Amino acid sequence: MATTPTKSKNPIPNRERIKMPRQHMPEQPPLVRAQQFTEVNLGYSAELAQQEALRCIECAKPTCTETCPVGVKVKEFVQLIVEGNFLGAAAKIREDNVLPAITGRVCPQEDHCEGGCLLKKKGESLGIGYLERFVADYEQQHFDTKNIVKAPPTGKKVAIVGSGPSGLTAAGDLVQKGHQVHVFEALHEVGGVLTYGIPEFRLPKKIIREQVDYMRAMGVEFETDVVVGRTVTIDELLEEEGYDAVFIGTGAGLPQFMGIPGEHLNGVYSANEFLTRINLMHAYEFPKYDEPMVDFRGKNVAVIGGGNTALDAIRSALRLGAGKAYVLYRRSEAEMPARIEEVKHAKQEGIEFQVLAAPIEFLSDGKGWLSGARCQKMELGEPDASGRRRPVPIAGSEYEVPLSVAVIAIGTSANPIVQSTTPGLNTNKRGYIQADETTQRTSRKGVFAGGDIVTGSATVILAMGAGRRAAKGIDEYLKSGQW
Amino acid sequence: MFKIIHAQFIAPGIKRFILEAPRIARKQRPGQFVILRVNQTGERIPLTIERSDPEKGTVNLVVQSMGKTTHLLNSLETGDSILDVVGPLGKPSEIAKFGTVVVMGGGVGTAMAYPTAAALKRAGNRVITILGGRNKDLVLLEREMREVSDTVFVTTDDGSYADKGLVTDKLRQLIENGTRIDLVLAVGPIPMMRAVAEMTRKERIRTIVSLNPIMIDGTGMCGGCRVLIEGKSEFACVDGPEFDAHRVDFAVLVQRNSMYRDAEKRSMDDYKRELEAKKAAVKTEAETACVLEGK
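Residue numbers (this note's numbering), protein chains in the order written: chain A, 12 to 494; chain B, 209 to 503.
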């Protein structure tokens, strides 16, 4: 949509704006929040939001938008906040991002919009994520979805496989172009990794439900309990159910284990299982909910890994009453892939970081239960394929940590269900689906793919970027009929 | 929501449900299973598909009351609904002409073995079926199994019906009599499958078992159902549920299935107490009504 440049309503001269301090996000005190699953960040008030918005120096060439995987028009929505037009700001974000309340909470802004913010060179970047969250929450409270303007129907039907970030984004963009969109989800709740993977204290389920309800109001249909590849195949969707195109956004899926002795002991979990029990199945509310969790109150718990998933798992363990909660990471803190804010929050809550350490064996209590881990200290060597310095074991550095529960969060690999049941769908040697980087087209006519199932584990916002590109690719294909 | 078209006890504590689930009915193959969740606060549990009718869009489940969820499920009647049912999950059984196949069903495991036995018969195999149960009531699907088998043997632990003994006693007899066996399919309690595996390992008879570890999503996402297969982790939900019995580490399966025993007991105890409280409330209500009516 074309936008006309308007004169800034910000009365403060730029040289003053760069001196203004960043407004802090109000948050629950660490020792209080470590006891419960309610959200850590409390959100800006309208006053704080407007105060923060005034800091934007309105760059002629905004790097924030350029570095955003979905291209949110940051400068423009921030100016609408300055003007007090919060619903206008929400609408502006929605032009590019259909899940603002979610990205406002879980996006690694430091790697994208805030990383490119010029204010960062002078001090602290603009709180773009916090502002996005404020606007999205304001919209939730003040916007009636009856006022959504629907595009005229094109008569084309698109199936979306998986209701995670890429699928939801593709669905939102496609329905806004007038296509009929039907989303299939394997689990009993919509949201994919947002629902089963990210804990309540970082992304409340209520927020996901509200964003999904908004999409329902836009006209998107959802069907849960359907494992595409098993319950129905891609070919059946195209040939028998009348879909004109399919988008596959099934996520990375399969958890990786370490292949070390003792991984089958009771008390050793994959992060996916640990988090699914807690988030999707509400094990933290046992016995009100039936899904159980091993009782480790007062005992030692460790997570192996240094990503957001690892921190989500260990912070959840703390909230379930772990006596000591450790992060075991084989590189140093500088190489940790987790968001800076999550590391900060975890430390505040009392999580102990043992970096440059990795378990080499899980130890048994003799009755089939985990009793500890034998670990090895590491030092950093030459950079590896990821560009990060490779951890090298230090000879003779072995030590033991007593543990009741260990959570393995070292990454995931491709879930093969869709690929193995869709003839002619090309994959790479690691099993991920091959897709064009611009259009997200696969080797099968009418079939598009994006998100972790194409790239391997990444972030919510990168998956959303793929969903956007796919929606554009699908729209072009549906209009032209050309493959 | 998945509607229960018909629900009936077929043995004490064992109920057959005919569910309206057209998508699952259309795709189900022998050896596959579903995962279901009874209600909003329920856990997800895997269950055997006994058979399906793609025309009518129904699937049959056979459920034995064990813990809270199965008790809750078996309290449902015709006309009730189950909140979530997803499937069919797992790899279908390998169906080919092997020659002579011995199908062994222990208790409710027979429901899982039945569709595979039927498919093996259709594929031209000679099917010898051995059914076992603790007592007469727990020998399931005998009539159905007779329809798809060349020979059927039945054993009961207590001798209350047919031959007293275990299914493995019958298998040993067959082996000792020199019956040529090309494949054994055993589905039942873990001790039974383990005993079968030990017996056929010595005889070098290919043996398939269907494993029942704890599961959540059933799509390979959580890894909770990992089983140790010749020292390697495999996921029962996507790599199984059927495995070569001689490669399975049954001890690890038993150990992992015991992981939530305390929580499961607590859920079951709470559930029983709830039921009793309800019963007591109904009784009090009835007594009050009697008093009011002056009886």
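Everything labelled a hint here was simulated from the structure, so no lab data went into it. Just so we're clear, the structure is a prediction, and the values are computed from it rather than from any experiment. Just so you know, even glycine gets a beta-carbon here, dropped at the ideal spot from N, CA and C. Hints may contain errors.
As the list claims (entries may be wrong) - Here are the simulated DSBU-like pairs of lysine-lysine, each with C-alpha atoms no more than 35 Å apart in a straight line:
| hint | chain 1 | residue 1 | chain 2 | residue 2 |
| --- | --- | --- | --- | --- |
| 1 | B | K344 | B | K440 |
| 2 | B | K473 | A | K378 |
| 3 | B | K235 | A | K188 |
Stated by the list, open to error - To be clear about the criterion: a stretch of chain B counts as covered by chain A if any three or more of its residues have a C-beta under 8 Å from a C-beta of chain A, and this derived list gives those stretches:
| hint | segment |
| --- | --- |
| 4 | 249-259 |
| 5 | 327-335 |
| 6 | 431-437 |
| 7 | 487-499 |
Comparing the hints with the structure gives:
no. : hint            : in the structure
1   : B:K344 - B:K440 : violated (39 Å)
2   : B:K473 - A:K378 : holds (19 Å)
3   : B:K235 - A:K188 : holds (33 Å)
4   : 249-259         : holds (count 4)
5   : 327-335         : violated (count 0)
6   : 431-437         : holds (count 4)
7   : 487-499         : violated (count 0)
Hints 1, 5, 7, counting from the list given before, are not met by this structure.
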